[in-house]
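Chemist: This is what each chain is made of:
2 protein chains.
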Amino acid sequence: MKVVCIGSGNVATHLTYALKAKGIDVIQVWSRDLANASELAKIINAVAISNLNEIDRSADLYVIAVKDDAISTVADALRGVKGLVVHTSGATAIEVLSPLKNYGVLYPLQTFSKAKPIDFTNVPLCIEASNEEALEVLKGIAQLLSSPFYEVSSDKRKILHLAAVFACNFVNHLYTLSDKIVEHFELDFEMLKPLIMETALKVQTELPINVQTGPAVRNDEQTMIKHKDLLNSMPELKEIYQTLSKSIKKTHL
Amino acid sequence: MKVVCIGSGNVATHLTYALKAKGIDVIQVWSRDLANASELAKIINAVAISNLNEIDRSADLYVIAVKDDAISTVADALRGVKGLVVHTSGATAIEVLSPLKNYGVLYPLQTFSKAKPIDFTNVPLCIEASNEEALEVLKGIAQLLSSPFYEVSSDKRKILHLAAVFACNFVNHLYTLSDKIVEHFELDFEMLKPLIMETALKVQTELPINVQTGPAVRNDEQTMIKHKDLLNSMPELKEIYQTLSKSIKKTHL
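Going down the list, the protein sequences come from chains A and B.
Note that the first sequence covers residues 1 to 253 in this note's numbering.
Note that the second sequence covers residues 1 to 253 in this note's numbering.
Just so you know, not all the hints are guaranteed correct.
No distinction is drawn between identical chains; accordingly, a pair holds when it is met within one copy or between any pair of copies.
Here are the simulated DSS-like pairs of lysine-lysine, each with C-alpha atoms no more than 30 angstroms apart in a straight line [as the list claims (entries may be wrong)]: (1) LYS22 to LYS193; (2) LYS238 to LYS139; (3) LYS2 to LYS228; (4) LYS250 to LYS238; (5) LYS249 to LYS238; (6) LYS193 to LYS116; (7) LYS116 to LYS250; (8) LYS42 to LYS228; (9) LYS238 to LYS228; (10) LYS114 to LYS22; (11) LYS246 to LYS114; (12) LYS114 to LYS228; (13) LYS20 to LYS42; (14) LYS249 to LYS67; (15) LYS101 to LYS228; (16) LYS180 to LYS238.
No wet-lab data here; the hints were simulated from the structure.
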């Protein structure tokens with residue numbers, strides 16, 4: 001199987017590493033910026049290109065891992081190829097690829113950082129395809145990577161993407177705010193790390209609604225007043241404290 | 001060393017389990033509700049009591065792990081004892097114990113659930129004491145439990161407690177909300193679990209501000225508009241989406 005990777009960001013990088021590690025031949029990496037394409041391409045022994053016209057039209061699989069609003073431009077450039085074309089976006093419907101013959105979606109429901117290697121056995125892959133044969137190819141890739149996979153429609157995938165904003169992006173921002181608080185008072189974020197791990201571990205076996213702790217769920221108004229006083233010098237955090245405490249109280253009425 | 005445990009909640013339970021496992025003799029467990037005291041006491045081979053007058057006055061250490069607003073009542077009942085009296089509250093100043101001779105604080109910066117055993121090597125203990133000797137006892141306990149420990153004043157401890165609300169209680173609530181979203185659209189929370197783990201793992205080695213991802217930090221207005229539309233039937237979540245997105249944008253200006 002010959003693969004062309006279109007994009008050189010976090011998803012492109014980790015997915016091509018993983019495919020390469022399983023013996024898949026990634027022949028080209030495209031990026032608008034040739035330097036970025038080269039950086040990834042040299043690691044996986046592929047050819048770096050920065051012009052969509054240079055894409056090899058005989059590949060078996062084209063993975064589009066670019067910004068959401070650039071997907072349709074790439075799809076246009078791939079018109080007429082026989083290979084399977086997939087995008088990796090959570091928020092973009094499969095229809096953006098409808099000008100193509102065989103197309104689908106391979107959305108990894110995971111957060112990727114360039115610096116940190118990722119184990120694909122922990123990456124749920126949400127797959128969707130324009131036809132049965134394409135679906136089988138995507139299942140085969142998921143199995144090759146030993147990734148759990150789910151057949152998910154475009155409508156449901158965008159819901160997962162939204163839920164991931166709450167469970168990952170917003171959560172990381174709360175970590176940032178807790179760091180801001182300890183920094184502001186000359187304490188060390190290091191001290192909070194075991195708590196952060198345990199909080200995530202807990203919901204691997206329990207439903208989060210059943211393990212909620214803290215002053216809001218206990219209706220401990222005294223503590224909440226003290227906390228808000230401490231945040232007087234950080235009005236933005238105070239607003240978030242109020243909004244989330246109110247929501248916890250409402251959820252656990 | 002003879003220990004009396006006052007309280008039978010999550011902190012009391014896990015701390016006495018850990019002390020017992022290290023060969024410390026926990027002689028009594030007090031709870032207002034004798035049934036609760038008995039449940040914990042029988043596991044660690046202690047005597048259950050429900051009257052503060054029955055507390056053994058010759059113990060070496062009294063651990064007060066009750067609700068914050070009940071600490072001073074317990075402290076009053078312990079007036080005159082020679083042993084070291086500590087409370088385990090993040091939000092309560094050490095002075096609440098000032099009627100006593102030797103006193104201190106042993107605040108575990110961790111989230112405890114009854115159902116889930118906890119490894120104390122992952123529980124940072126924040127310690128504070130009324131005198132040098134008492135401080136040495138608390139350091140000795142931390143070392144016995146192989147827990148990382150930090151000397152933290154009452155003023156700084158309440159900051160840590162506040163930061164923990166953001167990094168644990170609010171984070172868990174966001175997990176609850178993400179579960180609500182997937183449930184609402186008949187998807188499975190299971191799919192989000194690897195993402196939740198990876199998000200927590202990432203900040204063990206990177207500062208959260210450096211690994212923020214998602215539409216808000218990218219200023220991807222199109223996606224944010226679509227997300228808010230999806231939340232039209234869940235106005236509370238929409239408000240949280242807006243508040244946190246705004247804060248992410250401001251933080252990463």
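Chemist: Would you mind marking each hint as holding or not holding in the structure?
Modeler: Verification of the supplied hints:
1. LYS22 to LYS193: This pair counts as between: shortest inter-copy Cα distance 25 angstroms, intra-copy 34 angstroms.
2. LYS238 to LYS139: neither (47 angstroms within a copy, 35 angstroms between copies)
3. LYS2 to LYS228: So LYS2 and LYS228 fail the 30 angstroms test inside a copy (58 angstroms) and across (39 angstroms) alike.
4. LYS250 to LYS238: Both: 18 angstroms inside a chain and 15 angstroms across chains, each within 30 angstroms.
5. LYS249 to LYS238: both (16 angstroms within a copy, 17 angstroms between copies)
6. LYS193 to LYS116: Result: close both inside a copy and across copies, 17 angstroms intra and 18 angstroms inter.
7. LYS116 to LYS250: between (38 angstroms within a copy, 26 angstroms between copies)
8. LYS42 to LYS228: neither (52 angstroms within a copy, 41 angstroms between copies)
9. LYS238 to LYS228: both (6 angstroms within a copy, 23 angstroms between copies)
10. LYS114 to LYS22: within (20 angstroms within a copy, 43 angstroms between copies)
11. LYS246 to LYS114: Classified as between; 25 angstroms across copies, 36 angstroms inside a copy.
12. LYS114 to LYS228: So LYS114 and LYS228 pass the 30 angstroms test across copies only (29 angstroms; inside, 37 angstroms).
13. LYS20 to LYS42: within (12 angstroms within a copy, 57 angstroms between copies)
14. LYS249 to LYS67: between (38 angstroms within a copy, 19 angstroms between copies)
15. LYS101 to LYS228: neither (58 angstroms within a copy, 33 angstroms between copies)
16. LYS180 to LYS238: Answer is both: 13 angstroms inside a copy and 25 angstroms across each meet the 30 angstroms cutoff.
Violation of the numbered hints given earlier is confined to hints 2, 3, 8, 15; the remaining hints are satisfied by the structure.
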